[in-house]
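Novice: Take the given structure of chain H and dock chain G to it, following the hints.
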Amino acid sequence: MRKFVFNLLKTLAYLGLSYVMFVCALVFTGDGYLQNIVDARGGVGHSLVRFSEAENVSDVDVCFIGSSHAYRGFDTRFFDKEGLSAVNLGSPIQTPFNTYFVLNEYLEKVNPKVVVIETYWNMLVNDGTESAIDLISNIGFTSNMLEMAWEKKRDIRFLNSAFLGWLKYSFFDVAQKDIPHDIYISGGFVMSDTIANLPGFERKILSSKWDVHPVQMEYLGKILDLCQSKNIRVMLVSAPVTRELYHSVQKDYEAKYYNPIHDLAVRYGIPFWDYNYSEDVKLDALTHFFDTNHLTQAGVELFNQHFISRFKREVYEVDLMAETVEEEVNIL
Amino acid sequence: MSYVFYGWWDWRFLLLIFASSLIDFILGSAISKSREKNLRRVYLSLSILFNLGCLGLFKYYNFFIESFVEMTAAFGLQANVTSLSLILPVGISFYTFQTLSYTIDVYRKQIDAVKDPVVFFAFVSFLPQLVAGPIERARNLIPQFQGQKIFDYDKAVNGMRLILWGLFKKVVIADGAALAVERIFSNYESMSVAYLALGAILFAVQIYGDFSGYSDIAIGVAALLGFNLMVNFKTPYFSRDISEFWRRWHISLSTWFRDYLYIPIGGNRGTMLKVVRNTFVIFLVSGFWHGANWTYIFWGGLNALYFLPLLLANRNRKHLDTVAENRYLPSMKEILQMTFTFVLVCFAWIFFRAESLSHAFGYIQGFWANPLWESKLVISVHYFYMLGVFLLIEWLIREKGFSATVADSSVFLRRCTYTMLFLCIVFFGVFNGSEFIYFQF
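Protein chains in written order, with my numbering: chain H, 1413 to 1744; chain G, 3 to 443.
Chain G extracted, bound-state conformation:
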C-alpha cells in the first residue's frame, strides 16, 4: 500500500526506496550475524555510505557543483562543470535517516535484525510518515508491525482528533499565511519595517502550522491504522529559551541527531571547547539536512550561536517543564522570555525562508533602511481571527497535547471544538493544492 502511494508521485523512485530498504535489510542481517567487530563495522560503513551517498547525489550534488563554480568564478577562473539537474525524490531525507537508524541500532545491539523482509520494507516506507516524518526509530516502529493488530477505539478517536487539528493548522493557519509571506518576501525592498516584521512572524506561523500540521495528520492516520508514532512538536513557540525551543521543535530529527551524531562525536563530554564544537556540528548538519543552500547552513549556524550562551552558562537544561504549568496564565517574566525566544527564532527563520543569503541580508537591511509604516494589503483581517483561535488552542494544549486535552474536556466543549475547527476549515481554509513545505526536504 505504501509503495502504491509513493509510486503515485513518481514510480521511478520506488526503485530507490526499494534498493535502500533491500541493502539495509541485507546489511542489518549481516551485522547481526557477524561476531567479528571489524566486519560489523565494515557492514555498517557500507550502509552509511550507501544511504548518505544516495542523499548526497540526489540532494546535494548540484549544490556542491554550483558552489564550486561560484568559488572558481570568484578567483577569476571559469570551471566548466555540468550539473545533473536531478529531481529530489520526495521524503528521501526522512526515510534515509529512518533506515540508517535501523542499521546503527542493530550494530549497537539495541535491537535484533528483522527477519521478515515485508516488515522491514513496511517500516521504511510506512505510508503516513514516509514523505515528511516523524523520523521513527526502528526500536519503536518495527515491533508494531510484528504484533497482531487489534482495533483500538480510543486510539482511533485520538487519531481523528489529530487529523482535524492538523488539517486546521495546515489549510487555515499555514496556507492562510503563505500568500502574505510570499508577497512580503518577494517585495521586501518596498515593505515597511512593520510589514517586514509581519513577514517574519507569519513565516514562523506558516512553517509551524505546515510542518506540525503534517505531523499531526501523519500521527493521526497512523493511530487509525493502530500504530503509535512519536510526537514531533510540543508547542515550541511557548519556549522560554532556545534550548527549550529545540527540545520542542521537530523532535524526531533533533533526537535523531542527538542519538546518532551528537553523542557519538562526544556530546557534552570533554572540554567546553569540544562541547561547543559538537554543538556547532549538530546545528550546521541539521541546517544542511534541510536543503542544499547556504541559507539553511547559516540558519543552523545562527541557532548554534543562540545556543552558545546557554551552554557556556550551563543553563541549557533549565526549562525542562512546560511554561505556566498548572496555571492559566504565564508570569510577566515568562512572557518576556517567550517573546525574546520567539524574536530570535523569527530572525533565524528569515534565513530559512530567503532564496539566497543576499536576499536574507537585504530583507534584514530593510529593518533600518525602509520606512517604519506604510499600509499595504497583504492579508485579510479574517486571518488574524483564525490566528487568535489557533494561539488560544495552542496555549490550552501546551501541557497534554491536543488529543488528550480535548478528551479530558466535557462533551459540550469537545463538540464545540470540533464544530469550530470544522467551520474554520470550511469557511477559512485555503484549498489551492499547495504542498507541505517539508516535502521538499
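Bound conformation, chain H alone:
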C-alpha cells in the first residue's frame, strides 16, 4: 500500500511537471489556442484597448455593456452627436455573470447616468467561462477579476488559460493584435468594414437544444441590484439579429428567454426592449448584417438612430425631467 501511494504521488508530481512544461511550451511557441486553453490578451474584441481606455473615463451619460452585440451594436459616436457621452464596456461573449464583475470594476470610475445591458439570449445560455478568460487576460488580476476567477475555479479551461496568461505576461509585453475587418473606435465601439452578409449564409443556421443557465438569471438580478444600490438607472436591450437566426430559436424564445427577462424587468421597474421580438427596426439580412448576428455599419446606423430617439424620449429625458420635477418640488 505504501509503495502504491508513493508511486501514485510520484506519478502525479511527474504529470504536474509535464503540465507546466507543456504550458511553458505554448507560451514560447505563441500557439496558445487549444480546446481548453486560450490566449486571449489583445485578441478579438479589442478588450485590451477598451478596458485600458475605460480607466480614464468618468461621468458619462450612457454605459453600454454585454457581449459583442454591445460593442459592435452601439456606436458611441452617434450618441456623442446627439449630445450623449457614452462608453462601451462590452467584450466577447460577455454574459451577465461576467458583466457583474466588470461593473464592479468600472461602475464607480465611469459613473454613468444610465447603464444599458445588452442581453443576447445566447449569452444567457453560456456559462461565462470564455468571457472570464478574455476579461482576466485583458483587465489583469485585479481583486474583482480574482473574485470572478474564484467562481470559475473548477473550470479547467479557465484555469489553463489563466495560468498561460500569467506566464505570458511575466515574459512578454503583449499589445493589441490587428483583427481583420475590425476598426476600433475610441469609446469602445468596434466597427466592421465588411458591408454585407454572405449570400445564403443566413440559411445555414443549425438549431440545437438550448436552456437559459440558472447562474445567468441570478447574476442579471445581482447586476440590477448593484446599479440600483448606486442609484444608477439601468435598462435591458436585446439587439437585433437576422430574422433567420431568430426563427431558429423562436419556438422556445418566449418561454425560455423573453418572458423571464420581461418579468425581471417588470419586477425591477426598468425598461426591456427586445429588437428581435418586436422587430421595431426593419433590417435586411444581406446588407445590414455581416454574419447571422452582427450588424454592418449600415445596420448599426439604422439601429442606433431608432434606439437613440426612443432612448431619449422614453428613458433619458424622462429621467432628467423626473429629476427636474423633483428639484422643483423641493424648491417649492
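It should be emphasised that the hints constitute simulated quantities derived from the structure, not laboratory data.
Even glycine gets a Cβ: it sits at the ideal position worked out from N, Cα and C.
Watch out, some of these pointers could steer you wrong.
[Stated by the list, open to error] Here are the simulated DSS-like pairs of lysine-lysine, each with C-alpha atoms no more than 25 Å apart in a straight line:
| hint | chain 1 | residue 1 | chain 2 | residue 2 |
| --- | --- | --- | --- | --- |
| 1 | H | K1422 | G | K157 |
| 2 | H | K1415 | G | K151 |
| 3 | H | K1415 | G | K157 |
[Said to hold, decoys possible] Chain H regions said to be covered by chain G (calculated; three or more residues, Cβ under 8 Å):
| hint | stretch |
| --- | --- |
| 4 | 1420-1426 |
| 5 | 1430-1437 |
| 6 | 1446-1453 |
| 7 | 1561-1573 |
Specialist: Then chain G, alone, in the frame of chain H:
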C-alpha cells in the same frame, strides 16, 4: 457506502433497490432450502415476476400506454389513458439483471444461496458498476465479497491505468463527439451526405467511448477496492463480421442474454427455423432492454438481420481470434471486412440515436436526397487528432487490453502514454457535466 452513493441521486429509489435485494435474498434462500422442484420453480417465478415487474413499471409502462394510444388513434379511436410519468431509477436495468442472475443460478444449483445479507446487498448495489454495469454474475462477484481483502499492488496499478484510459475515452473522445452528433442529428435535413455519414460515425465513436469508458472506470475503481469485474468491451470496432462484433460489444449483457434467455429457449439446438427465431428473440429483447422506444427494437431487429446470413451459412463462429494477431498491420482482406462491419454497425446506430423511427428514416433518406458536400462547422479539427490517438491505442491494445499492454511496455513508453493521455484530458477534454449515455438504460 454504495447506498450513500446511490441515495445521493435520489434517496427514494433506495427503497426500490433495497426491496429488490431483500426479496431476492429471501427467495434465493427459499429456493436453496426447498427440495421440491415445483416449489423452487414458484420461488424463481416470483423473483422473475417481481424484478421484471419493477423494470416494466418504471421503464416500459409509459411506452405501452403511448403505443396503445397511438394504435387506437390510427384506427380513428380515442383512448383516454393517463400515463404515470415515472422517473426511471438510474441503473435499474443493470441491477435487476444482476440480482436475477443470482436467483436463477441458485435455482440451477450453480451457486449456493448467500447466508450473509450484507454480502448480498453489497453485491446488488456494488458502487463501481451499480449504475451502468458491467452486469456481474453472482458466481463471480459474491465470492469476492466473502473472502478477506488484501491490498494488491499490481491490481491497484492496473485499476489506475484503466481509470485514466476510461477518462480519456469519456471526456475527450465521447464528449468531444457529442456536440457534433447533436448538431448533425438535429439538423439532418440541411446536412450534406458527407456530414450525415460523419454524424453516424461520430455517434458510433461517442457511444463506444462513453460506455466502454464508463466500464473501464468501473473496472478500475473496483480493482482499487480489490475486486475483479468482467471485461465489457474488447475493441469491438476491429471486428471482421457482425458476430465477432457482438462477442466484443457489451459482453456482460450479451453473455447474460445468452446464458439466461438464448440457451433456455433452445439456443442453437433444433431446426434452423428455431435457431433463427431464437436469434431474433435475443436481439429484439436486447433492443427493448435498452429503452422504451421503437427505435431500439428496430436497432435490435436490424442487428438480427445482419446476423442471419452468418447463421445460415454457419459462419458465425469464424472469427474467434483477434484481427491481425501477432502482426502489426491487418491484411487488405481484413481491412475490408472491418470496414464493412463498421458500416453496418454505424447504419444500425442511426436508429439507436434517433428520437423516433421517422427521425431515423428521415436521416437515412438524406443520404440520397441531400447534396453530397456542403461545408459546415460542426467539430474542431483538434478532435480528429484526438481520434487518431484513440484509434492508434485501440489498435495496439486489441490483443491484451489497455492495462496489460501498457504493463508490458518499457518504463519510458509507459510514462509517455500516461503523460499523453493526461495532457489530452486536460487540454482537449470536455468538462460540461454531461452524463454517461448508459445511465439512462
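Novice: Under the constraints set out in the numbered hints, which ones does this structure not fulfil?
Specialist: none
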